[in-house]
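Chemist: Once you have looked at the hints, place chain B on chain A.
Just so you know, the protein sequences line up as chains A and B, in that order.
For the first sequence, position 93 matches number 93 in our numbering, and the numbering has no gaps at all.
In short: position in the second sequence from 1, add 1000, done, that's our numbering.
Heads up, some of the hints might be wrong.
Claimed, not checked - Dumping the calculated DMTMM-like pairs for lysine to aspartate or glutamate here, alpha-carbon to alpha-carbon at most 20 Å:
1) 81/A with 123/A
2) 1076/B with 1051/B
3) 157/A with 169/A
4) 1031/B with 47/A
5) 1062/B with 200/A
6) 226/A with 1114/B
7) 1120/B with 218/A
8) 1031/B with 1178/B
9) 143/A with 105/A
10) 1160/B with 200/A
11) 54/A with 84/A
12) 57/A with 80/A
13) 1173/B with 1157/B
14) 1031/B with 221/A
Hints are computed from structural coordinates only; laboratory data are not their basis.
Predicted, not measured: the structure shown is a model, and the values here were computed from it.
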Amino acid sequence: MVNTDNVRVPDEALQTMSVLMVDDEANVLRSLKRVLRTEPYKIITADSGEEGLKLLKEQSFQMIVSDQRMPSMSGIEFLEKAREISPQTIRIILTGYSDLQTAEDAINRVRIYRFLCKPWNDEDLKSTIREGLNKWWLEQENKRMFRTIQEQNRSLKQWNEKLGHMVEERTKALRNTQEQLVQSEKMASLGVLAGGVAHEINNPLGGILGITQLLLSDCIEDKQLKEDLETIQNAAVHCSEIVKNLLSFSRGNDSQKRDIVSFDKIVDEVMMLIGHTFRKKNITMEKNIPEDFPYLVVNQHQIKQVLVNLLVNAQQASQKGGKIHVRARRDDDRTMSLEVADHGSGIPREIMDKIFDPFFTTKPEGEGTGLGLSVSYRIMQEHGGKITVDSTEEGTCISLVLPAKAAADYEEKDSGTESGQGPDREKTEEFEALFAEGTNK
Amino acid sequence: MEGTNNLNAARVMIVDDAGIIRMTVSRILEKEGYHVYEAEDGLRALAMMEESSPDALLLDLKMPVMTGLDLLRVLKSEWPDTEVIVITAYAEDQMVRQVEELGVMQIVTKPFTDLSLLKKFVARAVVETRLSKGKPIEDEAPLRQVLLLNGRVRHEDFEKALSRSRGKNQSLKSVLIEQGNITEAGLQEAVKDFIRNTETSVPDALCAGTM
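Only chain A is shown next, with the shape it has when bound in the complex (with noise of 0.2 Å):
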């Protein structure tokens, strides 16, 4: 606040002040003139009341000096009126005569500034005058100052808030990164593990799978026999899925290359190899890929792989009937997403942060091996991309996001590679190069 001992209202700005005096004999507004000629602001009179208020809504006055005794209207009736128009108007009375009830009125009616009687000494006049106005600046100064304040007052709260949300934002960008870094650093040491134990494991599995088929072949009239070979049979066939979806975490080579498909082929292929899930719970897939949705810069096998988890789990969570979509997009210029979606109940909350972790499962024993997801995961994480889940009651969508450097704008469309083989595969490595970038962690 502006302190108003010290600060006195410059002439600039007294220069642009108007007075307004208001007197009923002629003489008295004549001298008065007189004696503020040499005053800065300008004087402006008025011979009565109405003839005052007339101006006050005309123009802007920082000051009325006003008698109180006029024949038609009072100087107590005419300030009144006054303030009502321009409340921020210092006002004095001047006056030859005064009794109590003037001076009550004019403070509880009009709020009055000052009460000068006449006749006036010039210079207490001049210096009362110039109190007001000075007075009237430091109150509009003031009104200024608190306005001021109180708009930065706004934006700092504002840029307060900007701050929190952005911190907000930092920090819970932060705890998806740590429980992504959680989540890799599980992968990685189970990809290890797995590397060195599946082929410890596939060994003595392929003498209990031959052997065994060995038998079937051989028992076809024993039908208790065959049963139970059938058994071990599904347990070791069962078996061995675990250690193939293992291995996909121990870090091939393979995992490294890429090639350049139509997605729209990939999907077919795959419905190819699990369509008959499908049919059997009469579940129809729909499948919305642009036309000029790119072709892929992958690998594959692993893309496939990462959409027969997908298809399967959105088949198993469908009912029968039911739809599945499989639906691809350009996000912007960085990203692109394929989408798998169904209209199952969803994934419970309780378990969300725990569907990605290697050997979570929901379905019955020896249904599932709690693989799909982690492999997906760790497969999405070596194109540089990511899986983000959405599931409500209604449904679940499960998006497989690429960097656009997954993106092949390649004028030779290729019709999708085999392992790579043949002419393929000197396309396939041109694109390695392309894509390790985006893989080297």
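Modeler: Coordinates of chain B only, in the frame set by chain A:
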């Protein structure tokens, strides 16, 4: 082991450091009528090559002493006519490429989830080797695959001819012709068919299993 007494039987060598795999493969292939040799590493396999002169080799890649890949290089330069099937627990892409470049048509992943495929692949390899070497295809293995799979000969006729051939110590092929089950030209046709229909493929990393 019915087929093992027959010195004219097609011969297959399994090279794998895992005893259980050697034993399993032997059991499966002997049942098909092959004479099976076992070697537990590349060096032993090489030492046995002259004496056994196999029509096909099944080769693991990850072995001590001499790796499958090194063995493969020697085999392909010294015995270029002998077909090799690579069996491996996990086929990394780079490895697959190297193996393919060395002229291996068939890679099978362990464990074998489909024995009929394995039998077919081995028969195919044996047939190819015999054709390259100009040797006759006249014994139980691989004729079982060649003639029964495409229905050239009926199952009971085949079994009848098989037991007669063992009794008379005569080749299965000549008994089949004697019995009027097939002609020389028909057999040649069947072999061609068999090769055409037994497509080779490299393993698909795709796991169709549910998770």
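Chemist: When the hints from earlier in the document are held up against this structure, which numbers fail?
Modeler: 1, 4, 8, 9, 10
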